[in-house]
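Undergrad: Chain by chain, the residues:
Protein chains: 2
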Amino acid sequence: MKKEEQKIVVAVDESEESMYALSWCLENLVPHNNKSTLVLLYVKPPPTVYSLDAAGYMFAHDAVAALEKYGSDLVNSVMARAEAVIRNFGTDNTNVERITGSGDAKDVICSTVKKLGADTLVMGSHGYGFFKRALLGSVSDYCAKHAKCPVVIVKHPDDK
Amino acid sequence: MKKEEQKIVVAVDESEESMYALSWCLENLVPHNNKSTLVLLYVKPPPTVYSLDAAGYMFAHDAVAALEKYGSDLVNSVMARAEAVIRNFGTDNTNVERITGSGDAKDVICSTVKKLGADTLVMGSHGYGFFKRALLGSVSDYCAKHAKCPVVIVKHPDDK
Numbered sequence: 001m002k003k004e005e006q007k008i009v010v011a012v013d014e015s016e017e018s019m020y021a022l023s024w025c026l027e028n029l030v031p032h033n034n035k036s037t038l039v040l041l042y043v044k045p046p047p048t049v050y051s052l053d054a055a056g057y058m059f060a061h062d063a064v065a066a067l068e069k070y071g072s073d074l075v076n077s078v079m080a081r082a083e084a085v086i087r088n089f090g091t092d093n094t095n096v097e098r099i100t101g102s103g104d105a106k107d108v109i110c111s112t113v114k115k116l117g118a119d120t121l122v123m124g125s126h127g128y129g130f131f132k133r134a135l136l137g138s139v140s141d142y143c144a145k146h147a148k149c150p151v152v153i154v155k156h157p158d159d160k
Numbered sequence: 001m002k003k004e005e006q007k008i009v010v011a012v013d014e015s016e017e018s019m020y021a022l023s024w025c026l027e028n029l030v031p032h033n034n035k036s037t038l039v040l041l042y043v044k045p046p047p048t049v050y051s052l053d054a055a056g057y058m059f060a061h062d063a064v065a066a067l068e069k070y071g072s073d074l075v076n077s078v079m080a081r082a083e084a085v086i087r088n089f090g091t092d093n094t095n096v097e098r099i100t101g102s103g104d105a106k107d108v109i110c111s112t113v114k115k116l117g118a119d120t121l122v123m124g125s126h127g128y129g130f131f132k133r134a135l136l137g138s139v140s141d142y143c144a145k146h147a148k149c150p151v152v153i154v155k156h157p158d159d160k
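Residue numbers (the working numbering), protein chains in the order written: chain A, 1 to 160; chain B, 1 to 160.
Keep in mind that a hint or two might mislead.
Note: identical chains are not told apart, hence a pair may lie in one copy or across any two.
[To be verified] No farther apart than 27 Å at their CA atoms in a straight line, the calculated lysine-lysine pairs in the DSS-like style are these:
1) Lys7 - Lys69
2) Lys35 - Lys115
3) Lys69 - Lys114
4) Lys44 - Lys114
5) Lys7 - Lys115
6) Lys148 - Lys69
7) Lys145 - Lys69
8) Lys35 - Lys69
9) Lys7 - Lys35
10) Lys114 - Lys7
11) Lys148 - Lys35
Since the hints were made in silico from the structure, they are not lab data.
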């Protein structure tokens, strides 16, 4: 029944909670599957479409470039934090992959899980912003329903 | 960070899916925590209140007794199936406890998790009936939001 190599996707973002979810995964799921592949998945929001007149063009161009720079700095910083968490656990024999997606987090997460044929998805219960969550429902709710594999929803221990 | 003894609650019911969730748990969470306690939690629906006139009393009494008998047969059958699943995995050094609750499944599951100070809750994504789920939302949705620990939502592999 058990596959030899487990593929575990952890959805990471800027939140403490997603780093806690990663720790939970390393502590509870990874150690006894030496052949695990841990996929760190970060989803950037979709690029904003700007509509400006000719006078604003140069400014807009700079602003877009600055936002894109900010976006890729954010990816690097989230991935660097995640890798520090992994190093801390000393799970050196685990194969770690990084995937950065772009678009609506819930869709990108579910489609990545499907494409990879992942065995487990691990994510924080919050993330992706309070207002967006209040308006659209939480990303983790959606993924728990729609992802094609078991989903672990991890809450930050302080958030009880 | 890691506690020595992990307490894992698995919510079991009549569904194939909940047995699959138990298997997932035995396969992925239990083996590398030898000191785990696995709590099998089954929630019976709350007893129905009957309002009948005197003529119907004897019948009602028999019917209630029959329903109660049916309910406890169901508990025994679900627990027996769960224990067969556990035996199949040969995890004899895992401490197994059985808890039968009564009431609204989502409330009983969350309050049991809290009372036991459980480390992880594992459950199927469905269970507790299609119509009830359509009307009231799924039990697993509620628990993923409200249980005071990480929650694993396991879907039956055929249900993709």
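Undergrad: Output the indices of the hints that this structure fails to meet, ascending.
TA: Hint check: 1, 3, 6, 7, 8 fail, others pass.
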